Amino acid sequence: MNEFSFLLLAFITYLLAMLTGFLSLFGSGSQWRKVSYFLGLGGLLLHSLSLTVRTVHSGQPPFTTMYESVSFLAWSCVLAVIIFERKFRLEKTGPYLWLVVVALMALASSPALPKAVNPLVPALQSYWLWLHVSVTLLGEAFLAVAFVASLIYLLTPEKKPGQPSQEARRQNLDQLAYRAVAVGFPLFTLGALVFGMIWASKAWGRYWGWDPKEVWSLITWLFYALYLHTRLVHGWKGKKSALIAVLGFLAALFTFFGVNYFLSGLHSYA
Amino acid sequence: MNPKGAWKFLTSVRLAIALLILIIVLATVGTFIPQEREAEFYQKNLPGISGLVLPLGLDHLYRSPLFLSLVFLFLLNLIFCSLQQIPAKFRRLKTDQEAILSASSIILEPQERSHLERWLETDLIQLTSIFRKRHYRVRVSATADGKTFLARKGWPGLFGPELVHLGLIIIIAGGLISAIFSQRISLALVEGQTEKIPGRDFSLRLDRFTTEYYPDGSVRDWKSLVSVLENDQVRLQKTIEVNHPLKYAGMSFFQMSYGHDWDRTLLELEIVWSQSRRRTVTLKVGETIHLEDGARLRALSFIPDFQVDDSGQAYSRSAEAANPAALVEMAEGDKQVFLGWVFHGHPELSRYQRRTGPELKVDLKNFSAPSFSVLEASSDPGTDLVWAGSGLLVLGLLASFYLPYREVRLKQRVGSPPVLLTYARKNRDAFHREVKTLLSLANKKDLKDKGDE
Numbered sequence: 001m002n003e004f005s006f007l008l009l010a011f012i013t014y015l016l017a018m019l020t021g022f023l024s025l026f027g028s029g030s031q032w033r034k035v036s037y038f039l040g041l042g043g044l045l046l047h048s049l050s051l052t053v054r055t056v057h058s059g060q061p062p063f064t065t066m067y068e069s070v071s072f073l074a075w076s077c078v079l080a081v082i083i084f085e086r087k088f089r090l091e092k093t094g095p096y097l098w099l100v101v102v103a104l105m106a107l108a109s110s111p112a113l114p115k116a117v118n119p120l121v122p123a124l125q126s127y128w129l130w131l132h133v134s135v136t137l138l139g140e141a142f143l144a145v146a147f148v149a150s151l152i153y154l155l156t157p158e159k160k161p162g163q164p165s166q167e168a169r170r171q172n173l174d175q176l177a178y179r180a181v182a183v184g185f186p187l188f189t190l191g192a193l194v195f196g197m198i199w200a201s202k203a204w205g206r207y208w209g210w211d212p213k214e215v216w217s218l219i220t221w222l223f224y225a226l227y228l229h230t231r232l233v234h235g236w237k238g239k240k241s242a243l244i245a246v247l248g249f250l251a252a253l254f255t256f257f258g259v260n261y262f263l264s265g266l267h268s269y270a
Numbered sequence: 001m002n003p004k005g006a007w008k009f010l011t012s013v014r015l016a017i018a019l020l021i022l023i024i025v026l027a028t029v030g031t032f033i034p035q036e037r038e039a040e041f042y043q044k045n046l047p048g049i050s051g052l053v054l055p056l057g058l059d060h061l062y063r064s065p066l067f068l069s070l071v072f073l074f075l076l077n078l079i080f081c082s083l084q085q086i087p088a089k090f091r092r093l094k095t096d097q098e099a100i101l102s103a104s105s106i107i108l109e110p111q112e113r114s115h116l117e118r119w120l121e122t123d124l125i126q127l128t129s130i131f132r133k134r135h136y137r138v139r140v141s142a143t144a145d146g147k148t149f150l151a152r153k154g155w156p157g158l159f160g161p162e163l164v165h166l167g168l169i170i171i172i173a174g175g176l177i178s179a180i181f182s183q184r185i186s187l188a189l190v191e192g193q194t195e196k197i198p199g200r201d202f203s204l205r206l207d208r209f210t211t212e213y214y215p216d217g218s219v220r221d222w223k224s225l226v227s228v229l230e231n232d233q234v235r236l237q238k239t240i241e242v243n244h245p246l247k248y249a250g251m252s253f254f255q256m257s258y259g260h261d262w263d264r265t266l267l268e269l270e271i272v273w274s275q276s277r278r279r280t281v282t283l284k285v286g287e288t289i290h291l292e293d294g295a296r297l298r299a300l301s302f303i304p305d306f307q308v309d310d311s312g313q314a315y316s317r318s319a320e321a322a323n324p325a326a327l328v329e330m331a332e333g334d335k336q337v338f339l340g341w342v343f344h345g346h347p348e349l350s351r352y353q354r355r356t357g358p359e360l361k362v363d364l365k366n367f368s369a370p371s372f373s374v375l376e377a378s379s380d381p382g383t384d385l386v387w388a389g390s391g392l393l394v395l396g397l398l399a400s401f402y403l404p405y406r407e408v409r410l411k412q413r414v415g416s417p418p419v420l421l422t423y424a425r426k427n428r429d430a431f432h433r434e435v436k437t438l439l440s441l442a443n444k445k446d447l448k449d450k451g452d453e
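Going down the list, the protein sequences come from chains A and B.
Reminder that position 91 of the first sequence reads as 91 in my numbering, one-by-one numbering, no gaps.
Reminder that position 206 of the second sequence reads as 206 in my numbering, one-by-one numbering, no gaps.
With the rest of the complex left out, here is chain A:
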């Protein structure tokens, strides 16, 4: 069994977790919900094996290429799903988050992302690579939870005839998004911005240089700062803050993928 067989098995297990998750939305699906949860847990184990094998084999942190980073982001998302499902119950958000995980796994396994291990360029040889990237991606995984919850919030109509629990449902989604931001935002701040600045100052001799990746992670951070402040002003809560959580995650995605492909800068190592 090599890293790719483990990855494939994890992928299949996540796929099943997603399917059972959607099944749990119909009728009294509490059994399916449990099945989905344990499938997710099993997938996480398989995925962890894949990442460990890769790390041992390459002797490098498992996020030095796009394939590794996407795989690690998917792993972090699963971790976030498991934690939130246990603590707060994800309800409708769960299966759609599995959809995100499955999409990330499909991207990671696709031939578009080369699987070869590349030797690390001098700038990347630092233990800050571990800290900076892992904490950032972990933070982004929780922001993904907020993204999905906010998206569902925006797509849930305010009032539906014959469904008096609609408002409570929307309130729960709003709560869920906020709780996810409460975990993701501090992690993102620490990993992306603070650890990023410390590493930049060690490797490049300056903590901030308006490199596109730096600017975009700042933009992402500002979006979530905006999200938190809009909740303080009455009337902005709900719809507007949900919209901002969605935009914030899109900014995070652009920071992750877009900057590498569309803008050139110091972070384009590939």
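Read the hints as simulated data drawn from the structure, not as lab findings.
Because the structure is a prediction, the values reported are computed rather than measured.
The beta-carbon is built from N, C-alpha and C at its ideal position, and this holds for glycine as well.
Watch out, some of these pointers could steer you wrong.
[Unchecked claim] Residues on chain A that point at chain B, a partial pick, calculated with CB under 10 Å: (1) 45; (2) 243; (3) 247.
[Said to hold, decoys possible] Sample of chain A residues with no beta-carbon within 12 Å of chain B, all distances over it, derived: (4) 1; (5) 6; (6) 19; (7) 33; (8) 55; (9) 56; (10) 83; (11) 92; (12) 110; (13) 124; (14) 155; (15) 172; (16) 190; (17) 254; (18) 256.
Model the placement of chain B on the given structure of chain A, informed by the hints.
What follows is chain B alone, placed relative to chain A:
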């Protein structure tokens, strides 16, 4: 605007929201318009918007007056907001020392208010234990007028947002100091070279420079062994690597890059007069050596990556030895017998050569140039402030999210219905709901508190 209006404007969350949006928009624009280029670049590549880019300073957006004034306004907003909030928070913490039953109760900040259906009497004791179990500090006071119940926890969270804002103020201040006072000097040193650091009373000497490679030929690391010299005395010797700078006297030295001093390339040339007559010589670029029979050989120049432009001029496409070539001249007496470019690895290439006899050939057998290490010396007095600010920022975030401030007040005054007041900075509605659940617990006779919800 009157002073009161200005104060309100500068402390408002609405201003913060407006500024956040504006800064997001401008910062985004700056990543799509290439920064710090010549004016011609924008006229040529962005003809449609160059009339907008240049006057607004969007070509150097992050240090343009437009962007900096937004940052400045943001800084003012942060400062004024803190000035308003910090005393208010302290007042809130102090209120339990005041007569909280007094008619003029201080209502601070937004708080959720609702009326209770009934008066709480003996169940106040139960309520106290419920809240104590949840780590609240509880105070119950009773007077002839009535009773109050005050429970609170998480004072670090009360100041969390202020810590975050203070952290940001310090980071922005550090950034301004960096922008004004930081210095960066690039030093290119060959082995053995000593360079005085401008404005400082010490020098740096490169003792040894090595490049390490991976098996596939890509660079693994650059290592510069350097000595710090003060009054010709070696104070310190250290190897600088990427990610491992040298810190000395408030300055940091970073391994940035490396290169070859191609102007001092040592060439190994083979001169072939005929099958039986050949000779190999070594000389530096710019040198002339005398051969037998009064012949002279001169190495005029060396190009590491030979390329010819449209006008027939030779130039180097890059600083790497991708297509190395040397310009060589040979003369016998007053007569030039050979002039032209000789290419390493391509002895047959004679396109850029002029010679008298078809037999005469010059071949570039080998070449080596001294390599130099590019170090960057920087001093940045803003850095420590940025670290201090970052620390406060992270602590503040952790406090606000994980030790949130919670406050519950029950007021039961004779002649008015009992009032429940809850205060939370974040997640207000959820907290109000939670408290109501806790209150309903107190109603139940045989109270079995099962911990958290």
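* To do: Run the structure past the numbered hints and jot down the numbers of the failing ones, going up.
  => Hints 1, 2, 13, 15, 16, 17 contradicted; others consistent.
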